[in-house]
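A.B. asks: The task is simple: from the sequences and hints, build the whole structure.
Read top to bottom, the protein sequences are chains A and B. Quick note on numbering: the working numbering labels position 306 of the first sequence as 306, and the sequence is numbered without any gaps. Quick note on numbering: the working numbering labels position 199 of the second sequence as 635, and the sequence is numbered without any gaps.
Worth flagging that the hints you see were computed from the coordinates, not collected in a lab. Be a bit skeptical, because a hint or two may be false.
[Said to hold, decoys possible] The list that follows gives simulated cross-link-like pairs (lysine to aspartate or glutamate, EDC-like), each with its CA atoms no further than 16 Å apart:
1. B:572 with A:332
2. B:863 with A:186
3. B:572 with B:613
4. B:620 with B:513
5. A:307 with B:556
6. B:570 with A:332
7. A:307 with B:560
8. B:660 with B:560
9. B:570 with B:516
10. B:863 with A:145
11. A:130 with A:186
12. B:660 with B:566
13. B:620 with B:565
14. A:307 with A:340
15. B:620 with B:560
16. B:660 with B:552
17. A:307 with A:357
18. B:863 with A:259
19. B:572 with B:619
20. B:778 with B:835
21. B:620 with B:566
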Amino acid sequence: MTTFHTVDEGRFHVHTMLTDQFRTRHLVAKLAVPLSRERVTETAMLPYLWLEGTRSHPTALAITRRADDLFGAMLRSGIGKRGNRHVAEVYLTVPDEGRLRGADGIFEEGLGLLLDVVTDPLLEGGGFSKGNVERERGLHRKRIESVFDDKIAWAMERALAESLHGLPEGLPRLGFADDLEAVTPEGLYAAHRALLQEGDVHVYAIGAFDDAPALANRVLTALREAFPDARQAAQPPGVAAPVAPVPARSGEPHRVVEDQPVQQGKLNLVYRTGVAYASDDYPALLVANGVLGGFPHAKLFRNVREKASLAYYASSRVDALSGLVMIQTGIDPANRDRAEAIILEQVEALRRGDVAEEEMAFTKRGLANQYRQSLDVPAALADIHFGGVLAGHTRTIDELLDAIEDVTRDQVVAAANRLQLDTVYFLRGQGGAEHA
Amino acid sequence: MRESSDDRLGHVLYHETLPNGLNVFLLPKPGFQQTFATFTTHYGSVDSTFRLAGEPEFTTVPDGIAHFLEHKMFESEHGDVFRDFARHGASANAYTTFDITSYLFSSTQDVQENLEVLLDFVQDPYFTDENVAKEKGIIAQEIRMYEDNPDTRVFYGLLRALYAVHPVRVDIAGTVESIQRIDKETLYRCYRTFYHPSNMVFFAVGGFDPEAAMAVIRENQARKSFPEAPRIERQYPSEPPGVHQDRVEARLAVSQPRCLIGWKDPDPLPPGPGILERELLTGVVLDVLFGRSSDLFDDLIGEGLIDQQFSWEYERTPEYGYSLIGGNTPDPDRLAARVEAKLDEVRESGLPEEEFERCRRKSIGRFMAALDSPSYIARHFASYHFRGADLFQTVEILDRLTLEDANRRMREHFVSGQQSISVVLPKA
Numbered sequence: 001m002t003t004f005h006t007v008d009e010g011r012f013h014v015h016t017m018l019t020d021q022f023r024t025r026h027l028v029a030k031l032a033v034p035l036s037r038e039r040v041t042e043t044a045m046l047p048y049l050w051l052e053g054t055r056s057h058p059t060a061l062a063i064t065r066r067a068d069d070l071f072g073a074m075l076r077s078g079i080g081k082r083g084n085r086h087v088a089e090v091y092l093t094v095p096d097e098g099r100l101r102g103a104d105g106i107f108e109e110g111l112g113l114l115l116d117v118v119t120d121p122l123l124e125g126g127g128f129s130k131g132n133v134e135r136e137r138g139l140h141r142k143r144i145e146s147v148f149d150d151k152i153a154w155a156m157e158r159a160l161a162e163s164l165h166g167l168p169e170g171l172p173r174l175g176f177a178d179d180l181e182a183v184t185p186e187g188l189y190a191a192h193r194a195l196l197q198e199g200d201v202h203v204y205a206i207g208a209f210d211d212a213p214a215l216a217n218r219v220l221t222a223l224r225e226a227f228p229d230a231r232q233a234a235q236p237p238g239v240a241a242p243v244a245p246v247p248a249r250s251g252e253p254h255r256v257v258e259d260q261p262v263q264q265g266k267l268n269l270v271y272r273t274g275v276a277y278a279s280d281d282y283p284a285l286l287v288a289n290g291v292l293g294g295f296p297h298a299k300l301f302r303n304v305r306e307k308a309s310l311a312y313y314a315s316s317r318v319d320a321l322s323g324l325v326m327i328q329t330g331i332d333p334a335n336r337d338r339a340e341a342i343i344l345e346q347v348e349a350l351r352r353g354d355v356a357e358e359e360m361a362f363t364k365r366g367l368a369n370q371y372r373q374s375l376d377v378p379a380a381l382a383d384i385h386f387g388g389v390l391a392g393h394t395r396t397i398d399e400l401l402d403a404i405e406d407v408t409r410d411q412v413v414a415a416a417n418r419l420q421l422d423t424v425y426f427l428r429g430q431g432g433a434e435h436a
Numbered sequence: 437m438r439e440s441s442d443d444r445l446g447h448v449l450y451h452e453t454l455p456n457g458l459n460v461f462l463l464p465k466p467g468f469q470q471t472f473a474t475f476t477t478h479y480g481s482v483d484s485t486f487r488l489a490g491e492p493e494f495t496t497v498p499d500g501i502a503h504f505l506e507h508k509m510f511e512s513e514h515g516d517v518f519r520d521f522a523r524h525g526a527s528a529n530a531y532t533t534f535d536i537t538s539y540l541f542s543s544t545q546d547v548q549e550n551l552e553v554l555l556d557f558v559q560d561p562y563f564t565d566e567n568v569a570k571e572k573g574i575i576a577q578e579i580r581m582y583e584d585n586p587d588t589r590v591f592y593g594l595l596r597a598l599y600a601v602h603p604v605r606v607d608i609a610g611t612v613e614s615i616q617r618i619d620k621e622t623l624y625r626c627y628r629t630f631y632h633p634s635n636m637v638f639f640a641v642g643g644f645d646p647e648a649a650m651a652v653i654r655e656n657q658a659r660k661s662f663p664e665a666p667r668i669e670r671q672y673p674s675e676p677p678g679v680h681q682d683r684v685e686a687r688l689a690v691s692q693p694r695c696l697i698g699w700k701d702p703d704p705l706p707p708g709p710g711i712l713e714r715e716l717l718t719g720v721v722l723d724v725l726f727g728r729s730s731d732l733f734d735d736l737i738g739e740g741l742i743d744q745q746f747s748w749e750y751e752r753t754p755e756y757g758y759s760l761i762g763g764n765t766p767d768p769d770r771l772a773a774r775v776e777a778k779l780d781e782v783r784e785s786g787l788p789e790e791e792f793e794r795c796r797r798k799s800i801g802r803f804m805a806a807l808d809s810p811s812y813i814a815r816h817f818a819s820y821h822f823r824g825a826d827l828f829q830t831v832e833i834l835d836r837l838t839l840e841d842a843n844r845r846m847r848e849h850f851v852s853g854q855q856s857i858s859v860v861l862p863k864a
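C.D. replies: Listed below in structure tokens is the structure:
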């Protein structure tokens with residue numbers, strides 16, 4: 001099965017995968033730094049600011065048109081949160097030039113554009129271009145505010161913020177709207193330099209390439225040129241501590257209720273487990289979560305939705321790096337107590353070993369299906385691999401699937417007993433009266 | 437089984453029409469792990485008044501019933517269909533649009549078994565008073581979820597503004613009130629009318645063997661008996677050409693307003709390749725005017741009137757067609773005025789040739805890239821099939837579009853009497 005071939009050089013890591021499965025070639029650059037309250041907003045803005053202008057393409061419009069000219073290359077950036085790391089990402093996909101007339105050389109052009117975007121921004125005085133910063137300040141404010149408009153995402157974000165309050169993991173991925181006024185072109189440039197100097201730099205290339213070592217070398221050469229002061233990095237290369245799961249804590253769960261004039265209530269539960277991707281127990285936690293709420297055959301879907309008819313969605317998922325298990329449901333606010341009782345009963349059932357052979361088998365097959373399907377999606381492959389890099393333990397998809405296959409019911413029960421209810425968040429809709 | 441190969445797209449498509457009228461299309465993609473299969477009926481939310489040829493009366497059914505039927509198909513007499521898929525490691529789902537209902541699975545193992553499960557559950561309705569009542573609670577929550585979603589609200593608001601009587605103005609899931617009127621008898625009636633194999637298409641794409649898959653489907657269908665292919669008569673109210681309202685508003689718990697500006701096509705368009713051509717041509721025009729690489733997009737972002745969520749869309753069926761643009765904006769009226777000014781300018785000057793070429797080429801590149809996504813292909817193939825068009829003609833149509841076509845289309849489509857605005861404002 002397909003795996004990444006990795007070349008490391010100091011903080012630079014180039015991961016290539018040769019496959020002729022796709023009609024597009026995929027490039028992803030990921031730069032990770034520790035999440036910190038001081039830098040969170042500035043770092044969050046960087047990947048978007050990069051697309052506002054480079055030295056050779058000084059405006060967002062010029063960059064977009066440049067990508068369009070590469071046969072509609074898709075160029076996107078974003079900010080991610082993986083455990084206690086803040087991850088700035090830029091993706092570029094270009095059509096496979098072998099399949100398009102007149103497209104020779106577009107991959108090289110695309111690679112150049114991607115690296116320019118990350119490392120060669122439009123500068124002015126001692127910082128980013130003032131005009132671009134102003135534009136991005138407004139856009140970033142809207143980006144932050146938009147989370148409020150998507151109630152499913154909002155409820156999840158709020159539940160996590162409550163559960164992880166005071167920890168770097170609990171900082172919002174996009175930063176704080178309140179910080180935006182104080183952000184300056186110089187401060188942003190300092191954050192940019194810190195990201196380029198302190199962060200680990202990972203570049204993934206997936207697609208139909210003739211020569212993987214030559215490609216890796218080409219990328220490494222470009223990285224060395226683009227990061228001239230890499231050797232004076234503030235932090236010695238390659239020693240960033242692996243991301244550890246959020247530790248379990250004692251005490252009663254936090255209970256949070258929020259009122260909004262919405263039609264549907266959202267009941268979200270957050271559990272800490274202390275188990276994350278690198279742990280030997282992780283495959284068992286994946287299976288436990290799958291039995292609980294990962295699939296339509298899982299306990300939550302069957303009992304909250306199908307039997308009690310209380311919700312349209314009722315599911316759970318594991319965060320691989322923080323080791324949190326998060327349950328989310330959308331319910332009529334009047335049914336809150338009933339829904340919570342049914343959810344808690346499903347977790348209890350799992351803990352006491354009420355897990356049928358069929359639930360085990362279906363869940364393992366379902367997980368195998370999900371991971372094998374990721375082999376069809378280059379961005380997902382890079383994400384899974386990168387999660388392993390951060391956790392300090394990479395596994396191939398095959399290794400992960402073998403480990404899942406070997407999980408026993410006792411291990412699932414043990415994993416379920418690691419679930420410690422940390423936060424119960426309830427968004428209470430008050431708009432129902434409009435429909436009475 | 438008929439094979440048609442396309443050198444440029446680098447694939448072979450297999451097609452067979454079975455004796456019961458079912459059209460089966462198979463697109464192997466060597467190297468892919470998954471098989472993505474869809475079983476789709478030409479029945480959507482707009483098909484609310486209909487009869488089978490020979491029946492005395494047209495029936496009008498409650499809003500949201502096609503979507504309700506989709507939910508109910510997942511229950512069979514022996515239990516839950518999700519279990520049957522789970523047994524074979526597949527993930528299953530379904531969706532209802534204005535004009536189709538599609539059932540699907542994707543799996544990386546047991547492809548033949550999963551093909552059978554898909555065919556069998558869609559051809560085995562099982563409705564009881566009890567299971568119909570139970571579904572109402574679930575769907576009510578689905579409706580409530582969308583009621584809180586500003587993008588859904590602003591979208592349906594626009595359709596209600598554009599259309600006076602056509603059922604495309606009705607939410608696909610219906611309302612919490614309308615679904616209360618749904619009972620098992622009406623569900624069976626809709627099922628018998630629209631789920632005959634001759635009104636359906638089966639499409640699979642991915643890493644499977646087409647001969648083996650076709651054999652499974654052929655044998656599965658041969659085992660079952662169906663009545664003669666019925667002739668379905670659909671009745672749509674006569675929609676006036678102009679828009680119903682030029683502006684609608686709603687209030688929600690959001691941080692910033694949403695605004696969509698839409699234009700309604702006044703003309704019917706017979707099923708056929710012309711539908712796809714109209715979509716692609718209008719898409720290029722919209723991209724030139726409002727896409728991410730347009731001057732206007734850049735100006736509007738610079739003025740703080742839009743953000744990166746701003747987007748365009750065009751949808752065309754034989755019965756109706758509309759385009760829309762929009763997203764978040766602090767000032768819907770100023771946004772609309774800026775758009776109108778831009779349209780005045782290009783009606784005069786025409787579209788810039790360089791921009792037209794860039795967007796046309798980009799559209800080709802993006803389509804080629806989308807062929808890497810089995811779910812994209814599957815979803816679009818069935819949808820175009822019932823509109824008489826072939827998704828895989830996309831590149832050849834884009835190849836021959838000209839600037840003259842685009843300018844003509846631009847001038848005929850963006851007409852002020854055909855325009856409505858839908859706004860969602862923050863609750864005070």
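A.B. asks: Would you mind marking each hint as holding or not holding in the structure?
C.D. replies: Structure-based check of all given hints:
| no. | hint | verdict |
| --- | --- | --- |
| 1 | B:572 with A:332 | holds (13 Å) |
| 2 | B:863 with A:186 | violated (38 Å) |
| 3 | B:572 with B:613 | holds (10 Å) |
| 4 | B:620 with B:513 | holds (14 Å) |
| 5 | A:307 with B:556 | violated (23 Å) |
| 6 | B:570 with A:332 | holds (15 Å) |
| 7 | A:307 with B:560 | violated (21 Å) |
| 8 | B:660 with B:560 | holds (11 Å) |
| 9 | B:570 with B:516 | holds (14 Å) |
| 10 | B:863 with A:145 | holds (15 Å) |
| 11 | A:130 with A:186 | holds (9 Å) |
| 12 | B:660 with B:566 | violated (28 Å) |
| 13 | B:620 with B:565 | holds (6 Å) |
| 14 | A:307 with A:340 | holds (14 Å) |
| 15 | B:620 with B:560 | holds (14 Å) |
| 16 | B:660 with B:552 | holds (12 Å) |
| 17 | A:307 with A:357 | violated (21 Å) |
| 18 | B:863 with A:259 | holds (14 Å) |
| 19 | B:572 with B:619 | holds (10 Å) |
| 20 | B:778 with B:835 | violated (27 Å) |
| 21 | B:620 with B:566 | holds (9 Å) |
This entry does not satisfy hints 2, 5, 7, 12, 17, 20, going by the numbered hints stated previously.
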